[in-house]
Structure formats: C-alpha cells, structure tokens
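Chemist: What follows is each chain in one-letter form.
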Amino acid sequence: MLQALRTQKPLVHCITNFVAMNIAANVLLAAGASPAMVHAEEEAGEFAAISGALTINIGTLSSDWMRGMRAATVAANEAGRPWVLDPVAHYATGFRREAVQELLALRPTIIRGNASEIIALAGGVSQGQGVDSRDPVEQAEASARLLARTRKTVVAVTGVVDFVTNGERACRIEGGSSWMPDVTALGCSLTCLVGAFAAVNPDVPFDAAVAALAMFAVAGEQAEANADGPGSFAWRFLDSLAAIDGNSLSKNARILPL
Amino acid sequence: MLQALRTQKPLVHCITNFVAMNIAANVLLAAGASPAMVHAEEEAGEFAAISGALTINIGTLSSDWMRGMRAATVAANEAGRPWVLDPVAHYATGFRREAVQELLALRPTIIRGNASEIIALAGGVSQGQGVDSRDPVEQAEASARLLARTRKTVVAVTGVVDFVTNGERACRIEGGSSWMPDVTALGCSLTCLVGAFAAVNPDVPFDAAVAALAMFAVAGEQAEANADGPGSFAWRFLDSLAAIDGNSLSKNARILPL
Amino acid sequence: MLQALRTQKPLVHCITNFVAMNIAANVLLAAGASPAMVHAEEEAGEFAAISGALTINIGTLSSDWMRGMRAATVAANEAGRPWVLDPVAHYATGFRREAVQELLALRPTIIRGNASEIIALAGGVSQGQGVDSRDPVEQAEASARLLARTRKTVVAVTGVVDFVTNGERACRIEGGSSWMPDVTALGCSLTCLVGAFAAVNPDVPFDAAVAALAMFAVAGEQAEANADGPGSFAWRFLDSLAAIDGNSLSKNARILPL
Numbered sequence: 563m564l565q566a567l568r569t570q571k572p573l574v575h576c577i578t579n580f581v582a583m584n585i586a587a588n589v590l591l592a593a594g595a596s597p598a599m600v601h602a603e604e605e606a607g608e609f610a611a612i613s614g615a616l617t618i619n620i621g622t623l624s625s626d627w628m629r630g631m632r633a634a635t636v637a638a639n640e641a642g643r644p645w646v647l648d649p650v651a652h653y654a655t656g657f658r659r660e661a662v663q664e665l666l667a668l669r670p671t672i673i674r675g676n677a678s679e680i681i682a683l684a685g686g687v688s689q690g691q692g693v694d695s696r697d698p699v700e701q702a703e704a705s706a707r708l709l710a711r712t713r714k715t716v717v718a719v720t721g722v723v724d725f726v727t728n729g730e731r732a733c734r735i736e737g738g739s740s741w742m743p744d745v746t747a748l749g750c751s752l753t754c755l756v757g758a759f760a761a762v763n764p765d766v767p768f769d770a771a772v773a774a775l776a777m778f779a780v781a782g783e784q785a786e787a788n789a790d791g792p793g794s795f796a797w798r799f800l801d802s803l804a805a806i807d808g809n810s811l812s813k814n815a816r817i818l819p820l
Numbered sequence: 563m564l565q566a567l568r569t570q571k572p573l574v575h576c577i578t579n580f581v582a583m584n585i586a587a588n589v590l591l592a593a594g595a596s597p598a599m600v601h602a603e604e605e606a607g608e609f610a611a612i613s614g615a616l617t618i619n620i621g622t623l624s625s626d627w628m629r630g631m632r633a634a635t636v637a638a639n640e641a642g643r644p645w646v647l648d649p650v651a652h653y654a655t656g657f658r659r660e661a662v663q664e665l666l667a668l669r670p671t672i673i674r675g676n677a678s679e680i681i682a683l684a685g686g687v688s689q690g691q692g693v694d695s696r697d698p699v700e701q702a703e704a705s706a707r708l709l710a711r712t713r714k715t716v717v718a719v720t721g722v723v724d725f726v727t728n729g730e731r732a733c734r735i736e737g738g739s740s741w742m743p744d745v746t747a748l749g750c751s752l753t754c755l756v757g758a759f760a761a762v763n764p765d766v767p768f769d770a771a772v773a774a775l776a777m778f779a780v781a782g783e784q785a786e787a788n789a790d791g792p793g794s795f796a797w798r799f800l801d802s803l804a805a806i807d808g809n810s811l812s813k814n815a816r817i818l819p820l
Numbered sequence: 563m564l565q566a567l568r569t570q571k572p573l574v575h576c577i578t579n580f581v582a583m584n585i586a587a588n589v590l591l592a593a594g595a596s597p598a599m600v601h602a603e604e605e606a607g608e609f610a611a612i613s614g615a616l617t618i619n620i621g622t623l624s625s626d627w628m629r630g631m632r633a634a635t636v637a638a639n640e641a642g643r644p645w646v647l648d649p650v651a652h653y654a655t656g657f658r659r660e661a662v663q664e665l666l667a668l669r670p671t672i673i674r675g676n677a678s679e680i681i682a683l684a685g686g687v688s689q690g691q692g693v694d695s696r697d698p699v700e701q702a703e704a705s706a707r708l709l710a711r712t713r714k715t716v717v718a719v720t721g722v723v724d725f726v727t728n729g730e731r732a733c734r735i736e737g738g739s740s741w742m743p744d745v746t747a748l749g750c751s752l753t754c755l756v757g758a759f760a761a762v763n764p765d766v767p768f769d770a771a772v773a774a775l776a777m778f779a780v781a782g783e784q785a786e787a788n789a790d791g792p793g794s795f796a797w798r799f800l801d802s803l804a805a806i807d808g809n810s811l812s813k814n815a816r817i818l819p820l
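Residue numbers (the working numbering), protein chains in the order written: chain D, 563 to 820; chain Z, 563 to 820; chain L, 563 to 820.
By construction, these hints were calculated from the structure, which means they are not laboratory data.
Remember, predicted model here, so these are calculated numbers, not experimental data.
Built from N, CA and C at the ideal position, the CB exists for glycine as well.
Heads up, some of the hints might be wrong.
Said to hold, decoys possible - Each pair of labels, with its calculated beta carbon distance range:
id, chain 1, residue 1, chain 2, residue 2, range
1, Z, Glu-783, D, Arg-696, 32 to 42 Å
2, D, Ser-625, L, Gly-686, 48 to 58 Å
3, D, Gly-808, L, Gln-570, 50 to 60 Å
4, L, Thr-569, D, Pro-764, 52 to 62 Å
Only chain D is shown next, with the shape it has when bound in the complex (with noise of 0.2 Å):
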C-alpha cells in the first residue's frame, strides 16, 4: 500500500482544524500523497469529487465549516470515496455533540480517534478534558467494536497501543513515541494520513488504517531514538516518514491481530 501510495500521490481532500493544517499537509507530503485543504461550501463539494479520499475534523468547528463538511460528504459519498471522520472532543458542547451525530449520519468509511472520543461516540462514559483522552485505549476497546459494528464502519482508537476494527477484525499496533501527545495534532495528521492510505485501497478500508498507523507508529519509534524533546521529534517525525519506505514498513511494524 505503501509503494501504491508513493506511485500514485492520492489527491487527498482535508477538511481539517486551523491548528492541524500545517503539520497534516506536512505528514501527507513526507508520506507520499498530495494533500489540499479545502473548506467552502461553495466548492467542497466539487473538490470532494475529484479526491481520491476526504477527511472530516471537528477540532475548531463552526457553522460556515460544518455546511462545508456536509457538502464535501454528501459529495464523496455519491463519487464512491472514502471518507474519514475524526470527531475532536465531540463530547465537550452541545454544538459538537449535534454535528458529529449529524456526520455519524452520512457513513464515514473510518473513524480516527482518541480513547475518550471513542467510548463517548459508542455511548460510554469518558474522562476526556477538552481535545485530550483520559482513558486508556483497551479501555476503549469494546465500545469500538460496537461503534464499528452498529454504524458499519471501521474503528480505528490510537494512543500507547493503537487498536483498529471493522466489527469482525480487530488487531493492535505497538510503537509510537511518548513524545507524540506533546505535539499538537499528530492525531489529527494522523486521521488525514488514514485518508491518503484509504484513497490508495477504498475496497479495504480496515487495511487502510491499519497501515497507515503502522507507519506513524514505526515513524515515531524511529524519531524518538535521536529526540530530546517534543520540538526534535516533530520534525525527526517528519523525517522518518519519508524515509521508510515498503520494506522498512513491513520489517519494523509490530501488528497483532486479535
């Protein structure tokens, strides 16, 4: 998927928050694809169309950007393509609680979150305080199985062990950095990557997923190694991800299937 990714440089459509934008375009670059934020309900839509791949982010919501969003989804979803829904502390205000129900709605192919927003999104009870999870990502586990199960979708929850499933495969992937939560919207780089790998395998998006935290976890393993802190590992981060390419990818990427 990886080689295929780095061939074809997928088009990918991001509607992303103001704090994301720079260092998702950045990972997108270094992985391979072409990314382009595009927001406007005047042309989401349109733009949507000719992606291989959108992904949503509620992280600064507002109503201009949400009729945005609802015009770049409807549109992916009558073009047939993948689309990834990242629902940044959706449980924080009523606004949020409302739109991401409403993009629940329009069938993301995958959703990319944190263990706080993944259990609230199942209907549990988080300990999320504002963007951050408080709760460990096994905790989190059976509610990704029943979001994935109820809205047909894959569930991917990331954190010290990441653990993605459709419902019916579940696996885990080890790696990552403890640096990665002290740099600002690498989850949210990370939902956008999810996107890249998906606009290059639409049939299996579980395997999209799977593969594209695989690479931010081997990337962050990888960074953390000459990194003195959150700044030196943002862009060693950068670095490693252009570097590895199939091989490494499949040699160094520690996945466990349940």
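Use these hints to put chains Z and L onto chain D, whose structure you have.
Modeler: What follows is chains Z and L alone, placed relative to chain D:
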C-alpha cells in the same frame, strides 16, 4: 506553580490567531498544560466555563470571531475564570480599536502585549508598525502602571527586558533571546502560557504572569545556546520548555522586583 | 535590495491560506521583513493602505475572505502599493476560477504560481492535480510571457528551474532543493517574500521578483546540504534565509538572462 501546572495539566481555552495556533498549542503542551482552540459563538461560552482559563488574541480578527470572543469572555467572567487579553496591533485600524475597547470593558484579568501596544492602550503615542513594537519596554512602564491601576488588571509588557505590574507591585524579568522576535507568534504563545499559569494560580494573577514570563525567558536563553538561526531556535525552544522543571526555573529566573 | 529590505523592514500585508500562515510569517521574518496577516473585510482595505506591499493567496478561499481580498486589493491599487497574486489551484473548481478572474481584473503587479497554475491562467491545458503542479516550468514559459503581456504584469513560475518575465525581459533562476515540494506552503511563502522585495523596489517589480526567487533558491541549496528529510530541511531553510546577506546572495545566485 510550574509543578502545579504539570500535575494538574489545566485545560486552557485559547481563542488566538491563525498564525499562532500551532506554535501556541505546542508551547502549552511543552509546558505541561492542555490547550484547546475553540472559537465559534455557538460553543465558546460553554467551553470557557469548563476550562481553567481563557486567552483572547485579536491577531487575525473578524466579526465572526469577535462574537466568539465576546461569548467566551462573558462566560469566563460568570464562571469566575481568569482570562488574558493580547491586544495585537490594536492601534492599526478602527476595527481593532473598537474591538479592544469592548474587550477591555469586559475586564481582563491580565493583559500581555509589546511596548507599542501597551503604550497605545494607555492612551499614549506609540511607534508600532503592524504587529511589531518599535518602542523599548522601559518607555512603556509608566503606561503599564497607569493601565493596571485604571483597569484594575495585571499588565505584562514583553521585549528585551520584560515588565509586569498590577498597579502597585512591579518587577522586571531578564533573559530570553534575540532570536525570539524572529520566530512568529512567540508573543501570542506566551499569552497562552500566561493563561495556563493563571489557571493554576487564579487568585494571584501577578505571580502567574511573572512565572510564565520567567519560564519563557529561561527557555529562550537555553535555546539560544545551540541555535544557528530562527529555525533551529524554534524547536530548541520547545525542547527547553519541556525540560525546565520547578528547580531549574527557580534557579535560572532573573526576576528583579522594583 | 536585500540590504534595503533588512534596513527598512517593510510591513507586508499578507492575505494567505491557513496552511501557509505560520511558515510564511517565519520566512518573512527570517528575510528581514515585518509580516502582518489581516483578512477581515472591515479592516483589510485600511491595513493595505498603510503597508508597503500586499500579497493575496487563494489557497483556502471562502466568500468571506474573498470580500477581504477585494477590499485590500482595491485599497492597495488606490494607494499605489504593489500587490502579488498567488492563484493556488485556481483551475480546480468553478468557485476558484471565478475568484481568480476577478482578482486578475484588479491588475496584480506580480503573479507567482507553479507551472500548472500559470499555464491554466494563460488559457492553456494544464496537468495540475489539486495544489500540485504536474507540468515542468519550461512548458509554462510561453504561457507566462503571454500572460505578462496581455495582463501587463510580471509573472514568476517556480519549480525545478524558475522563470520570470514581464513580457519583454525574461530570466531563469537555478538552485533550490528537491526537498522544497515536500515542505508544505513554501511556494505560498515565496509569494509573500516577493511582496517584501516589491515593497522596497515598487518601481521595478521584475527585479523584485527575481531577487526573491534567487534568495529562495540560494537558501534552499544551502539548507539541503545538511538536511536528512523534509523536517530537517524546513528549519535549516529558515536558518539559511536569516544568514544570507547581500554579498552571499549576489555571489551564489544563478540568474540566467534569456
């Protein structure tokens, strides 16, 4: 205070400008806080009420965002949460001058600005150009004292040597680096960090402002030691922020009471 | 021109996209200019009139921002200030195609784009995908000359070897680095730097564009020498921009008149 910040990891609600969003979030994470950027009128008030502190920055202002700032500020006041105002280039246009007067009337707990901004805010004649100060901090000290007394607030003026006053007490803070003005939005990020310290010390905002400025000054000095320019300074600065603990902050801070 | 830029530190009013805002501001600061991002219709015109130059980039366009761009551009023209247009992916949607035609009619002093953008702007058939060019610069040279003559403007096409023309004079600029397309928004940042040089040399925009492109090419080449990937390239590039002076720019620039 820094130990409290690291232990409590306070949720800091930031409504800041598009240039600052990413670096401000990274600064807060490196220092130990939990940043969240939430600006929409539909949820800014609700979010401010669940946060430890609020910071407002008018750098890339628009009428939409002004509505969110108003909602958040009113809610922070009602919930008894401290809030920090960063009046970026408020003297530059009529739109900004009106906005800052309205925000001032909502009684910020702390104001953080450069010398030109503080002089103009106190009614003086500044030499500011765009977002850059062209006045030395020393020339803003009288303006800062006046502003603090008339508005019953804490005023922090940052530059080569910083100055903080609540109208009665005052001190200068030395340190930092000559690279800091060449990294965009570090001042805006400092405003957010002031909010983080205010969240863990809401009753003594003067001390909170001093602590945040001292942490920035120490991290700046340490980052400069190995930097070759503004690019390498920026990531070293984040590494330094993350590495500072209560002891090294106390040992290295140069706070001069007046 | 670079010495004038460092001495005058011109105020450059940038209305650019959300992805580019931070890196563009850092590029301008490293080069010696004073960037300001001001987009709201309520103040964009007033701000353009007090700035040395204006730059307009449609990367993350919306109707609201289009109103600010219109106000700023009209005011820049009335005040006799140079302004630079960056027509990001203008061929991708109807919304963008309309916006760019309206902006073209407002007579930009300089247009900076990639080959696909310039070919499409001159009425040709481009291979562009999203925001990425898929045409070599050489294939855009005739389009650039045509566009410069018919629109009475300077056109700068950037890629492996850059090309600048005012319809009569033309030159190529060699240098740069193969990492540059893998760092997001460097092209957008270059547009802002073109604005900075135009601010200190408003009467000869051809020379201003050539100088900005040459400075980017030299800094790119120097940054590549020690970079291991796009992450380390990005901060080294800022260090290089800040370290270049008039002498080293003259010595290392490879400008080939045609």
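Chemist: Cβ-Cβ distance between Gly-808 of chain D and Gln-570 of chain L: within 50 to 60 Å?
Modeler: 51 Å, holds
Chemist: Confirm or reject the claim that Ser-625 of chain D and Gly-686 of chain L have a C-beta distance inside 48 to 58 Å.
Modeler: 39 Å, violated
Chemist: Glu-783 of chain Z and Arg-696 of chain D, beta-carbon distance inside 32 to 42 Å?
Modeler: 34 Å, holds
Chemist: When you take the CB atoms of Thr-569 of chain L and Pro-764 of chain D, is the distance between them in 52 to 62 Å?
Modeler: 55 Å, holds
The structure is inconsistent with hint 2 alone, although it conforms to all the rest.
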